[in-house]
Every structure is written in C-alpha cells, then in structure tokens.
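Whatever position you read off the sequence shown (first residue = 1), add 173 for the numbering used here.
Treat the hints with care, since some could be wrong.
[What the hints assert, rightly or not] List time: in silico DSS-like cross-link candidates among lysine-lysine, alpha-carbon distance up to 30 angstroms:
{"hint": "1", "residue 1": "LYS607", "residue 2": "LYS461"}
{"hint": "2", "residue 1": "LYS590", "residue 2": "LYS607"}
{"hint": "3", "residue 1": "LYS363", "residue 2": "LYS416"}
{"hint": "4", "residue 1": "LYS461", "residue 2": "LYS590"}
{"hint": "5", "residue 1": "LYS500", "residue 2": "LYS629"}
[Said to hold, decoys possible] Cβ pair distances, simulated, as ranges:
{"hint": "6", "residue 1": "MET351", "residue 2": "ILE462", "range": "42 to 52 angstroms"}
{"hint": "7", "residue 1": "GLU214", "residue 2": "SER398", "range": "16 to 26 angstroms"}
{"hint": "8", "residue 1": "VAL370", "residue 2": "VAL478", "range": "43 to 53 angstroms"}
{"hint": "9", "residue 1": "ASP591", "residue 2": "LEU533", "range": "22 to 32 angstroms"}
{"hint": "10", "residue 1": "GLY493", "residue 2": "THR268", "range": "41 to 51 angstroms"}
{"hint": "11", "residue 1": "GLY329", "residue 2": "GLU214", "range": "12 to 22 angstroms"}
{"hint": "12", "residue 1": "LYS629", "residue 2": "THR527", "range": "39 to 49 angstroms"}
{"hint": "13", "residue 1": "THR267", "residue 2": "VAL465", "range": "20 to 30 angstroms"}
{"hint": "14", "residue 1": "ASP591", "residue 2": "TRP366", "range": "39 to 49 angstroms"}
{"hint": "15", "residue 1": "ARG499", "residue 2": "SER428", "range": "26 to 36 angstroms"}
{"hint": "16", "residue 1": "ASP393", "residue 2": "TRP323", "range": "38 to 48 angstroms"}
Derived by calculation from the structure, the hints in this document are not laboratory data. For clarity, every value in this text was computed on a predicted model and none was experimentally measured. Every residue gets a Cβ at the ideal spot worked out from N, C-alpha and C, and that includes glycine.
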Amino acid sequence: MGARLALVALALMWPTQLLSLAGLLGGNAQASVAIHFRTTEIAWFILVNALVGTVIAPFVVKLSDFYGKRNVMIVITVVGLVGDIIAALATNYTTLLVGRGIAGFYAPIAALAYASVRELFPPKHVGAASGMIGSGIAFVAIGGPFLTGWVIDTFGWRGVMWSLAIATAIGLVLLLTMVPETPHRAERTKVNWLGGVLLGGGAAALTYGIGRGGEWGWTDSSTLSYMFGGVAAILLYVVSDLKVAHPLFDLTMASRRGVWSVFLATALIGATIFGTGIIGQLLVLYPKIPQVSDGLGMTATHYAVIGIPASILILVVGFGTGVALRKIDARLPLALGAAFAAVGFLLQRNWHYTSVQLMLLGVFSAIAMGLMVSSIPVLIIEAVSPEEQATANGLQSMAQGVLTTIVTQIVYVILAKDSTVLQGTRFYQDAGYKNAMLFGAVLAVVGLLSVALVPKLRRAEEVEAGEAVAAA
174 MGARLALVAL ALMWPTQLLS LAGLLGGNAQ ASVAIHFRTT EIAWFILVNA LVGTVIAPFV
234 VKLSDFYGKR NVMIVITVVG LVGDIIAALA TNYTTLLVGR GIAGFYAPIA ALAYASVREL
294 FPPKHVGAAS GMIGSGIAFV AIGGPFLTGW VIDTFGWRGV MWSLAIATAI GLVLLLTMVP
354 ETPHRAERTK VNWLGGVLLG GGAAALTYGI GRGGEWGWTD SSTLSYMFGG VAAILLYVVS
414 DLKVAHPLFD LTMASRRGVW SVFLATALIG ATIFGTGIIG QLLVLYPKIP QVSDGLGMTA
474 THYAVIGIPA SILILVVGFG TGVALRKIDA RLPLALGAAF AAVGFLLQRN WHYTSVQLML
534 LGVFSAIAMG LMVSSIPVLI IEAVSPEEQA TANGLQSMAQ GVLTTIVTQI VYVILAKDST
594 VLQGTRFYQD AGYKNAMLFG AVLAVVGLLS VALVPKLRRA EEVEAGEAVA AA
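Hey, can you work out the whole structure from these sequences and the hints?
What follows is the structure in structure tokens.
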C-alpha cells in the first residue's frame, strides 16, 4: 500500500474510531453527569445518542449511494459537531440530552468508512485498509483512558463534551482535506421513508419499553405496549422493504446463510462487548457510600492507569489477529473472543473490589476486544460481494447498534434492581454489579454458540484475489 493510500486509511480511521473514543469518554463521564444534574435517568445520556444513530442509519446509508459516501460523511459530521457543542453548553439535563441526540447523527460514519474502502482502494489492499481502520481502536484503548482521566479529573463532564466537539472537528478537517470522493453512485430513486420510520421507531419503542419495565412492571400494559409495538414496527419494516420497488436495504441478501449468520454472530458478540462496558465504568467511578453505593470511588486517571495492561493487550492481540487472518478462518478468533469475554465476566463477578483484581481480570476483556474488532470487518467482507459491501456494512452496523442499545438498557435495568436514590441521584450496590456481570457472561456464551451457525466462507485473501482477477 502506497503512502497516499495509507494516508487515506488513516484519515478514515480517525472519524471511525472517534465513535469508540466517544463511547469511552461518555461512559466515564456518566457518574459526574448524574451527580451534577441529580438525575436517576442517567441511562439516557448514553441511550439517546445510540437511538438517534439507529433511527437515521438506514437513511444515511441509502443517501450515501445517491450522493457519495464522502459527501454524506461530511454532512453527518457537521450535524454531530453541532450536537456536541449544544451538549457542551447545556445548563440542564434536558438540553444535554438534546445535544447528545443530535450528536447521534454521527453514529453511522463507521459503516460508510468501511464501505468507502471498497471504492477507494485496489482490491488487493481492501483487507489491509479495513484492518488498519479497525486496529485504530488499539490507540483509543491506550490513549483514550488517559485522555478521559485527565479531562474528567481536570475539567469535569463539560470538558468531556468539549473534547468530543474538538475531536469531531478534527475528523471533519480530515474528511475535507484527505479523503477523495467515492465514485459509486446509484440511480436516485424514491426512498422508503415509512420503512425507515418503522425501523427506527420500532427500535426506540422496544428499548424504551425495556428501560421502563423495571419501574412499571414487566406485565404492565404500558411496558408490553412499547415492547410488542416496537417488535411489530420492526416486522412491518421488513415486510415493507421487501415489497416496495426501492427498499432502504436489499434484505434479500440476508436470506443467504453466510450473510444472516455473520450478521447475527458479529452483532450479538459486538453488542455483548460494547453494551456491557458501562458496568465497569459505573463500578469504578461511582463513589463508595456505605449502605448506598458500592462503587469503588476511583478517579478517572487511576482507572486509566490500572487499564494499561489491557490497553496494550488490545493492541497486540488486534494486530496479531489481523496478521493471522491472512491464513486462518475468521470464525475462530470471533469465537475465542466470545469465550474469553464469558470467562472474564464470571471471574470478575467474584473479584472486582481492588485495583489489582481489576487489572488482572481486565486481561480477559482485552483479549476478547482485540479478537473481535479484527475479525468482524473481515467476516463481513468474506460474506458478501463488493457490490453488497455498503449495504452489508450498514445492516450489520444497524443490527449491532440496536442490540447494543438494548443490552445497555437491560444492564441499567439489572443495576437499578439493587440501587438507592439519594438526593435525586441513583447509586448502585454490589448485588446489581454482580447480576449485570452474570448477564454479560450469559450473553457471551450465546454469542459463542451463534458462531457455530456461520458456514465456512472464502478467506479475505481469496476474496481479494478474485476481485483483482475480475478487475484485470
């Protein structure tokens, strides 16, 4: 890969991995935000961002086919930047959530970045470029915690919001100056707006119902209305997209076992890793208050220090897996990632009270993360044709986003079962953390079993060779 292409890959890496950095910064800021605004609804600080991203994802992917992926990435980055600034300036919790929701427009950028690789790079470099973009999470894992610690401990939660705004602005500059326009354009047709509303609204209703279930009761009519209504709306979307002349997504590709099984396994395992990340963040950063809160009361900087071994492991395992995937079946590292996650949750359920315990057991989640982020993009490349790449990335990203949001909401519900509200703020107790970790372990095992459904696919190296021959 030449220097010019390497710079393009690096320019795409920044906005893509900014999503991971935003998740880290936002997750670690939760405790400060909850205490500052004295809210028991801190879950929506994370969820509103994810829900908006889920709602607009199908429209963003569709419009990128009409107007070009670079152009659409620029637009959603500008909108996301506006949201970051509103959140940074917020003087009440409602305004903060509005800003976080607008910032959610940035969420689909990863799907567009990976899809852009197919158009901007020669076939023989597609796998390497995708791996480079994905491996950028290692730099987030190493530098992100220290940045988070310094920002939160020095400037508080508002500093986090301004940091996200600055990072988004840098991503915008990179897109404008270093990323060429993608050449592919689809014929401009009608957009299935109704289907998109059904899909996004259904996901939002389902998540909201799950979040309220613990408070209203799981058999309450309102809870059931939101949950079943959400599922019904999603099913109606599927029916509408299969019947209309110009669907949001070509769902027919999902009828192939190699495609739907990859979507299921990668989305479920990805959601398990990312959706349960809030457990550790809340445990470490919430204060220790006898009979009220069983948080460890650490500073964000101390949290970063004890996470050094895990951060290094993510880099090493991610890079090593990326190299190994040239020779091995990508299903293997994905399955191993799920297995390590399950073991890590079970061990941490019993040992999560000291810095040493967190440092040692963080090794398991780090290995899981490194294996997962390297194998997921490769599996998607192997499962679909080049023409289907953008749609496949969009569908997988959307599926993972919906599942991650639901998993996150369920974690909050589990934690709230063993919590205390003091001066308007909800604090969590040890039983809640233990139950949430057990939930994470069960999910990881289900994810591991789902990998068995994925048939043997052509390795990325073989896919690239075939594309090169076709191009010649």
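May I ask which of the numbered hints given earlier this structure violates, with the numbers listed in increasing order? none
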